[in-house]
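Protein sequence lines, in the order shown, are assigned to chains X and S. Under our numbering, think of the first position of the first sequence as 113, with each following residue one higher. Under our numbering, think of the first position of the second sequence as 4, with each following residue one higher.
If you're looking for bench data, these hints aren't it; they were derived computationally from the structure. Treat each hint with caution, since some may be false.
Here's a subset of chain X near chain S, in silico, CB distances under 10 Å, partners left out [claimed, not checked]:
(1) Leu121
(2) Leu127
(3) Asp131
(4) Val133
(5) Glu139
(6) Ser149
(7) Ala150
(8) Asn153
(9) Val170
(10) Ile174
(11) Leu176
(12) Ala179
Label pairs and their computed distance ranges (CB to CB) [stated by the list, open to error]:
(13) X:Ala179 with S:Pro380: 47 to 55 Å
(14) S:Pro380 with X:Ala120: 44 to 52 Å
(15) S:Arg432 with X:Gly165: 52 to 60 Å
(16) S:Asp344 with X:Val133: 41 to 49 Å
(17) X:Leu156 with S:Thr155: 29 to 37 Å
(18) S:Thr160 with X:Thr126: 53 to 61 Å
(19) X:Leu144 with S:Thr160: 45 to 53 Å
(20) S:Asp425 with X:Arg178: 53 to 61 Å
(21) X:Val157 with S:His378: 16 to 24 Å
(22) S:Val268 with X:Arg122: 45 to 53 Å
(23) S:Arg275 with X:Arg178: 32 to 40 Å
Over the 12 Å line for every Cβ pair with chain X, so calculated as not near, a few chain S residues [what the hints assert, rightly or not]:
(24) Arg14
(25) Ala53
(26) Arg100
(27) Val163
(28) Phe220
(29) Arg264
(30) Gly278
(31) Leu350
(32) Ala371
(33) Glu382
(34) Ser396
(35) Gly430
(36) Arg443
(37) Ala444
(38) Pro470
(39) Gly493
Here a beta-carbon is modelled for each residue, glycine too, at the ideal position from N, C-alpha and C.
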Amino acid sequence: MTRPDEPALRMQSTLRDPDAVYRSLVEAHRGLSADQSAALNAALVLILANQTGDDDAVRAAIDLARATLETAADGGG
Amino acid sequence: MQQPKTHRQFRYRRSPDQDATTTAHHPVVVIGAGPIGQSLAIDLAQRGIAVVLLDDSDRIGDGSRAICFSKRTLEIFDRLGVAAPMLGKGVEWRKGRVFHRDRELYSFDLLPEPGHKMPAFINLQQYYAEEYLIERATTLEHIDIRWRNRVTNVTQTDGVAELTIDTPDGPYLITADWVVACDGARSPTRGMLGLAFEGEQFEDQFLIADVKMTAAFPTERWFWFEPPFHNGQSALLHKQPDDVWRIDLQLSADADSEYERRPEVVRPRIARMLGHDDFELEWISIYRFQCRRLKSFVHGRVIFAGDSAHQVSPFGARGANSGIQDAENLAWKLALVTRGDAPASLLGTYDTERSEAADENILNSTRATDFIAPHSPAEMSLRNAALALAGRSDFAKRFVNPGRLSLPTSYADSPLSTPDVDTWGGGPRPGAPLPDAPLRAANGESIFLTDALGSSFTLIAINAEAPEGLADDVAVLPVGRDQVFTDADGLVERRFDGGDGAFYLVRPDSHIAARWRTFDPAQFNAALARAKGGSR
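With these hints in hand, go ahead and build the complete structure from the sequences.
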């Protein structure tokens, strides 16, 4: 749980080896169809959302993720 | 376009071996006079081992190729007596910037602390590096360089390797105790031994262009994802000496390489990037890359080093740098074995240690390539999400991978290392490379730790009484309070956790073999024997 004076999302990296985690995500998609990849991503989101144990953090993450879509649209897709 | 002229031309000379009535025998033959073969030959010659160096060509040419030489490689070059011309000509750099479209995502500094003799990196065309190495090699009487000597067959019988060598005067034979193949990614020697070279092939093609122009860009590594000036996925800009700039542009997997290499096609691409047309094209190359390695680098009396043993993508400067570090790892071991001062099994530790390095390099190179050239729409979505988030959060910047630049490998599980028995709060562990630090000599001269180390095993005694009566082949280097060398800026103490006294046994390749808080002759002798590959 976040304390009231703490922002809901941690913006600093918390992972010991971000490159290795990224590679694990890439490998998870190897050999999957587009539908399977989308399903994998959806399952991952739910698992990781639960793992946060923080409803506010999940809502803040959704806001941040949506904001990147707007950036992408501004940039021409 | 001007393809570069031959940078240096050498002459074939007939060797007395070609007229010998019985087949000439040599302790060490090195195949390939590129940067790896030259470095190995110089290191061996400095250790008093005679080397025959064979090359199928008679010139240096073929464009800039490897351009980034790392701090660790420069420390090795310094020991080989070639760092000064490399540093004199090369362009020093340590900062990189990463852009997404027209926006800077982050920058990095590869050597943010003072107190090191060598810079984080220099950029230098490979042909200059080869020229300086060859100039050095030709001053060493133990090196016999034979140009236009192409090895056409390698066999191993009765405890020797036999080489068939083709020359302008026809073929001849020599035998050798040890053959080291430094003959590059397409290694003919590897083919002659029928060895598999397996790994991952990447589909995307990259255009390399060396461009000559005067420009005010800083001496930094600039990397763009989805650059606004190029419809491919990435671009890289890097400065070399002589006002030459290296530009890498990612092309698609199905790009027509013959078409893409035409100057009239390349020029507008570069002009869009630079915003002007005021440049000359020096060199163009189009390549796909691979991450692969030999399963073992030692095959009987034939040993592989550099690209012949392992190949990586160029993002991270891990090709030439890891090859030169292979050569340094091998040279002292081969010298000990050739002199009969160590068992031949010591060469097996070249395979284990440099395999660890190759795997680390391939791992980093593969991760960077996955990020730079995603394999599927799903991977592209993941990559683009990381880039989009990186503009808004620090954590996502850590996922953005434009190549992690070459650092020396710490040999974590080396059989040559003696595990720690004392408690340490820092400092290099056994297997790790030696960190540099400033020293002050007794005469007041400021030098560096890397200057004070020779080419032998060295015991560094930090803030502790140096022992006497060690083996002849071990140098003792006392550093610290009331010692021959004082710890000028306190950085030895800090970098080696030496405040309470420390002893480090350093290998001839400047990796740590063992360390202790107090000196015990029995422990020391056991560690030294272990670092030399155990008993004969």
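So, going through the hints one by one against the coordinates:
no.: 1; hint: Leu121; verdict: holds, 8 Å
no.: 2; hint: Leu127; verdict: holds, 7 Å
no.: 3; hint: Asp131; verdict: holds, 5 Å
no.: 4; hint: Val133; verdict: holds, 8 Å
no.: 5; hint: Glu139; verdict: holds, 9 Å
no.: 6; hint: Ser149; verdict: holds, 3 Å
no.: 7; hint: Ala150; verdict: holds, 8 Å
no.: 8; hint: Asn153; verdict: holds, 8 Å
no.: 9; hint: Val170; verdict: violated, 16 Å
no.: 10; hint: Ile174; verdict: violated, 13 Å
no.: 11; hint: Leu176; verdict: holds, 6 Å
no.: 12; hint: Ala179; verdict: holds, 7 Å
no.: 13; hint: X:Ala179 with S:Pro380: 47 to 55 Å; verdict: violated, 22 Å
no.: 14; hint: S:Pro380 with X:Ala120: 44 to 52 Å; verdict: violated, 31 Å
no.: 15; hint: S:Arg432 with X:Gly165: 52 to 60 Å; verdict: violated, 36 Å
no.: 16; hint: S:Asp344 with X:Val133: 41 to 49 Å; verdict: holds, 46 Å
no.: 17; hint: X:Leu156 with S:Thr155: 29 to 37 Å; verdict: violated, 55 Å
no.: 18; hint: S:Thr160 with X:Thr126: 53 to 61 Å; verdict: holds, 59 Å
no.: 19; hint: X:Leu144 with S:Thr160: 45 to 53 Å; verdict: holds, 52 Å
no.: 20; hint: S:Asp425 with X:Arg178: 53 to 61 Å; verdict: holds, 54 Å
no.: 21; hint: X:Val157 with S:His378: 16 to 24 Å; verdict: holds, 22 Å
no.: 22; hint: S:Val268 with X:Arg122: 45 to 53 Å; verdict: holds, 47 Å
no.: 23; hint: S:Arg275 with X:Arg178: 32 to 40 Å; verdict: holds, 33 Å
no.: 24; hint: Arg14; verdict: holds, 48 Å
no.: 25; hint: Ala53; verdict: holds, 44 Å
no.: 26; hint: Arg100; verdict: holds, 19 Å
no.: 27; hint: Val163; verdict: holds, 44 Å
no.: 28; hint: Phe220; verdict: holds, 24 Å
no.: 29; hint: Arg264; verdict: holds, 29 Å
no.: 30; hint: Gly278; verdict: holds, 20 Å
no.: 31; hint: Leu350; verdict: holds, 32 Å
no.: 32; hint: Ala371; verdict: violated, 8 Å
no.: 33; hint: Glu382; verdict: violated, 5 Å
no.: 34; hint: Ser396; verdict: violated, 5 Å
no.: 35; hint: Gly430; verdict: holds, 21 Å
no.: 36; hint: Arg443; verdict: holds, 39 Å
no.: 37; hint: Ala444; verdict: holds, 41 Å
no.: 38; hint: Pro470; verdict: holds, 40 Å
no.: 39; hint: Gly493; verdict: holds, 30 Å
Hints 9, 10, 13, 14, 15, 17, 32, 33 and 34 from the list above are not met by this structure, while the remaining hints are.
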